[in-house]
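J.: These are the residues of each chain, in order.
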Amino acid sequence: MIGDMHPGDILGEYHEEVIQLYGLGPRKVLVTEREAPYPDGRLIVSRTDTDGIITHVNRSFVEMSGYTEAELVGAPHSILRHPDMPRAAFKDLWETIEAGKIWQGYVKNLRKDGGFYWVKATVIPNVRNGEIVGYTSVRRKPDRRKVEECIPLYASMKAKEEEEVAQ
Amino acid sequence: MTYQFTVSPDFSPDYISGWFIFNTWLQRALGQSIHLEMMDDFQQLHQAIEEDRVDLIYANPYDASMLVREKGFTPLVKPRGGSDEAVIAVRADSGIDKVESLPPGTRVATTDDPDVHLMGMIMLEPAGLDQGSVELKQCGSYVLVAKALLQGACEVGIFLDKAFDELSRPIQSQLRPLVRSEIQVIHHSLMAGPRLDSEVEELQRVLLAMDQDPRGRNVLQGLGLVGWEPVEEEEAEFMIDLMETLTYSPG
Ligand SMILES: Cc1cc2nc3c(=O)[nH]c(=O)nc-3n(C[C@H](O)[C@H](O)[C@H](O)COP(=O)(O)O)c2cc1C
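Listed in order, the protein sequences are those of chains A and B.
Mapping the first sequence onto our numbering, position 76 (from 1) lands on 76, and the numbers just tick up by one.
Mapping the second sequence onto our numbering, position 224 (from 1) lands on 224, and the numbers just tick up by one.
Keep in mind the hints are simulated off the structure, nothing from the lab.
A couple of the hints might just be wrong.
Using 35 Å as the maximum straight-line C-alpha spacing, the simulated DSBU-like pairs for lysine-lysine come out as follows [said to hold, decoys possible]:
| id | chain 1 | residue 1 | chain 2 | residue 2 |
| --- | --- | --- | --- | --- |
| 1 | B | Lys-147 | A | Lys-120 |
| 2 | A | Lys-101 | B | Lys-137 |
| 3 | A | Lys-112 | A | Lys-101 |
Covered by chain B, per the in silico footprint, the following chain A stretches (three or more residues, Cβ under 8 Å) [said to hold, decoys possible]:
| id | segment |
| --- | --- |
| 4 | 42 to 50 |
| 5 | 124 to 136 |
| 6 | 140 to 152 |
Glycine is no exception: its CB is placed at the ideal position from the N, C-alpha and C atoms.
Please work from the sequences and hints to get the whole structure.
T.: As structure tokens, this is what we get:
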């Protein structure tokens, strides 16, 4: 449902990486160093079903991701997965929300044009009649200093994960 | 029986008589006896809700979760075209040009409107500021928030956008907005408690038709509104989930 990224969509110089998506297999992503600034005063909102398939996005989500609403709804949320993010972050996210709890963290997201944007995300299970029927993620503009702390932390987490795979 | 109606204490004082007129209109339209009681503050309101002394409420989004999920309230309608948004403003001659330049210890003028305060604090987060690292000054109205800025008692103010836009020209010209929220899904709503369950459909019907006759339009005008829109159950649940993500703090 999400294919490889296309050079024609990319703005500026890029490099290629292959990421492994859970249950979906490999995806070739094209990555640039262009950061899109988080728009002031906005919340970026999306909702998924219990498998992480996007069911709803708001206008800010569409604008920041660079995809159309039609491309997003029905796609797995890992369509935004940036290769600089460690697996452990998402493992923690899923374990937390599947246990019915709220997860909060800083996430680097990949745009359709190869650029990226940092968010502070809060993900909540949608409980209706006592059952989890989906999840909602609400992102806001992060404190830059927190992002600067995450950059080396995520890089070292990723390096460790790659070492483990290599062994 | 007589139903108990109240309005979230963050209503604008300009509309106090408007709410009493609305209540008179509603009793006639519904053929039911309803008593409107205004609460002094949120503490008094929460106490009344806790003791099940409220049947109908014009509720702040902040209280929606408790009302719907703990007290079994049903959202009926919301103001048409009216989401709650916040504005962060400084004095026009302030050297601060963006939120990120605000230092720890910044003095913040705010009100006890819980949703506006929350949105405002979220807009201060990019500066690394939170409740613990700012000095909060709670003001009784948005005019007093503006005053706190003009008198130099505070560096930034958190306003309801409508209240900011309604400040007098001379005051507004001495202030400068740094950020305006564009959240669009946070709104007040009229909600009915369990004792009104059998009246929900009729309530929705009369409220949604309110703008169709001149008298109803007049009453709405007295509240600063143009009409009501329905609130679907899932839309209310979505807003509640969203509010919970915004009020969440780890640990
Ligand atoms: C509501 C919700 C929102 C999510 N938002 C993002 C997101 O913005 N970016 C992202 O990379 N992953 C997001 N995820 C996590 C993805 O589902 C996925 O776990 C992640 O991209 C890593 O891919 P993988 O699980 O295939 O390894 C979200 C998950 C949920 C439930």
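J.: All hints are to be evaluated individually against the structure, with a verdict given for each.
T.: Results for each hint:
no. : hint                    : in the structure
1   : B:Lys-147 <-> A:Lys-120 : holds, 33 Å
2   : A:Lys-101 <-> B:Lys-137 : holds, 33 Å
3   : A:Lys-112 <-> A:Lys-101 : holds, 30 Å
4   : 42 to 50                : holds (count 4)
5   : 124 to 136              : holds (count 4)
6   : 140 to 152              : holds (count 7)
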